[in-house]
Amino acid sequence: MKFKITLISLILFVSAITIKKGFQLKYPDYFPKPTYDLKKNILTKETIALGRTLFYDPILSKNNTISCASCHSSFNAFAHTDHSLSHGIDDLIGTRNAPALMNLAWQKLFMWDGAINHLDMQALAPINHPKEMGESINHIIDKLNKTAPYPTLFKKAFRDTIITGEKILKALSQFQLCLISAESKYDQVKKNKKQFSDQENRGYILFKKNCNFCHTEPLFSNFTFANNGLAIDTTLNDFGRWQVTKKSEDSLMFKIPSLRNLSYTYPYMHDGRFNTINQVINHYIKGIKQSANLAPELKKGILLSSNEKTDLIAFLITLNDSAFVFNRNFAYPK
Amino acid sequence: MIFIGFIFSAFYLFKPKPITLSFLPYFGKDSLVINKNYFSEIISDSVSIQSLRFYLSDINLIKNGRIIYQVKNQHNLIDISQKLQVKLFTKSELEFDSIQFDIGVDSLSQVSGAMGGDLDPMKGMYWSWQSGYINFKLEGKSNICNTRNHVFQFHIGGYIFPYNTIQHIILPVQNKTNINIKLNIKKMLSQIDLKNVNQIMSPSEKSVEISKQYANFFSIE
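If you read the protein sequences in the order shown, they are chains A and B.
Going letter by letter, the first sequence gives residues 1436 to 1769 in my numbering.
Going letter by letter, the second sequence gives residues 1408 to 1628 in my numbering.
Please keep in mind that the hints were generated in silico from the structure rather than gathered at the bench.
Warning: the hint list may mix true and false statements.
[Stated by the list, open to error] Selected chain A positions facing chain B (Cβ under 10 Å, derived; list incomplete):
| # | residue |
| --- | --- |
| 1 | P1467 |
| 2 | P1469 |
| 3 | Y1471 |
| 4 | D1555 |
| 5 | A1558 |
| 6 | N1563 |
| 7 | I1575 |
| 8 | I1576 |
| 9 | T1599 |
| 10 | S1608 |
| 11 | T1680 |
Only a predicted model underlies this, so the values are computations on that prediction, with no experimental measurement involved.
Don't be surprised by glycine CBs; every beta carbon is placed ideally from N, CA and C.
Based on the provided sequences and hints, a complete structural model is requested.
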């Protein structure tokens, strides 16, 4: 009898802990703590699955043709390859390049200009954007209510069938929070499972000297805003961070992107102006445009011999994470 | 069991009536009716209101300058066509001389991600392209507005300095169970140059100015 009671209470205790804890994000110990408050959106398998289904479903767009994945493809580390500017419903072209989606749990501000202050709220931007999905959250709720298996999926995820904006947004966040890239060669080296070649090592030293200040390890961005000397594209007149803060010191400042998975995420920069890593490095060597807000670190350009350039690129290639890009759990749900 | 029942009913009996906070939108001397035409002398033209919604938060009851009752972390979406009342459930009968509240959503809630209830983005009070709640929304029509269908739209929000539009309001109160707060839209509009200022849809200096103006036109009936 006594044994039975202890056993039952033990089972209850253990299950209480596992239910409370939900699903844990796995990331390496050299990553900082996530900035996303996971206590406010407890991860569960069911909610992540719902988020994934929503992410891949064009039902989120006005004419049911465009899903999040139309612009953020898993095979491109969730960027939009081949298109310098993103394409939305009715083939309308937006004004910016779709960034890769990875390690989002560590970001505080989203979009190239930081206009979005929380991952949860991000999805509203493409959903409402007339050139992206042209839809409204209320109409999506109507559609989901009428479309199997959504009521069941919401019931599984949130224990009731009432679909709300909050639940849609939190589910999308849960899926996106799982998009962690931490299996590149660089990561294997950090985990003492592999070693850099001599060339990669030389590139790593050059990287730390010239780039790490902004593209800070291990996420390869410090997620602040900077002007890296790109000349303004007068067909777009995109002033970046200034558009949000209206402060002159923020003019032409853009969010520093992560450098993970570069081989999958071309073209580069907020307007997708460069197609190759080589072009990007050439920009830093001899293309820097002087301006009031140019980052002081880049005032003189970056000095690299052609051998050093090759070494630096060899290091950047070690940030490609094919395990992330081909992770079946992130691909179109079958 | 009986004992518990007794305690329960005693508790129920002695529980004070909730305090009802009601918002009464006016246009001058008339109570405001949606889509009805009113005349404004200032612009010498007619004005009608299609929607009026705002967030009411951080309600405090004050006695001699000290907070004696506080409603925390609750944001009520006041909407002329849906909800104009909020009830305050106090534990005991309270003596107070004024009420304080904010019009808008505090800066912490602004950056806390998706929330439910009145803060759910499906309520239509959230800016999608640049994060932030709309604290106060007034939409209507006037022939003086040279816009499509003569509409004016004031979507007032912004939580980051210098465009912070949350407004803190303190009003003296007499009646302790029914607090009626008037909001005079005619007076508010009389401060705005409607001919030139009729579309405010993002945080700006103008939004801050307008938020200060409407804050002045809440009064106790």
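Results of checking the hints against the structure:
{"no.": "1", "hint": "P1467", "verdict": "violated, 19 Å"}
{"no.": "2", "hint": "P1469", "verdict": "violated, 13 Å"}
{"no.": "3", "hint": "Y1471", "verdict": "holds, 8 Å"}
{"no.": "4", "hint": "D1555", "verdict": "holds, 4 Å"}
{"no.": "5", "hint": "A1558", "verdict": "holds, 9 Å"}
{"no.": "6", "hint": "N1563", "verdict": "holds, 4 Å"}
{"no.": "7", "hint": "I1575", "verdict": "holds, 9 Å"}
{"no.": "8", "hint": "I1576", "verdict": "holds, 6 Å"}
{"no.": "9", "hint": "T1599", "verdict": "holds, 5 Å"}
{"no.": "10", "hint": "S1608", "verdict": "holds, 7 Å"}
{"no.": "11", "hint": "T1680", "verdict": "holds, 8 Å"}
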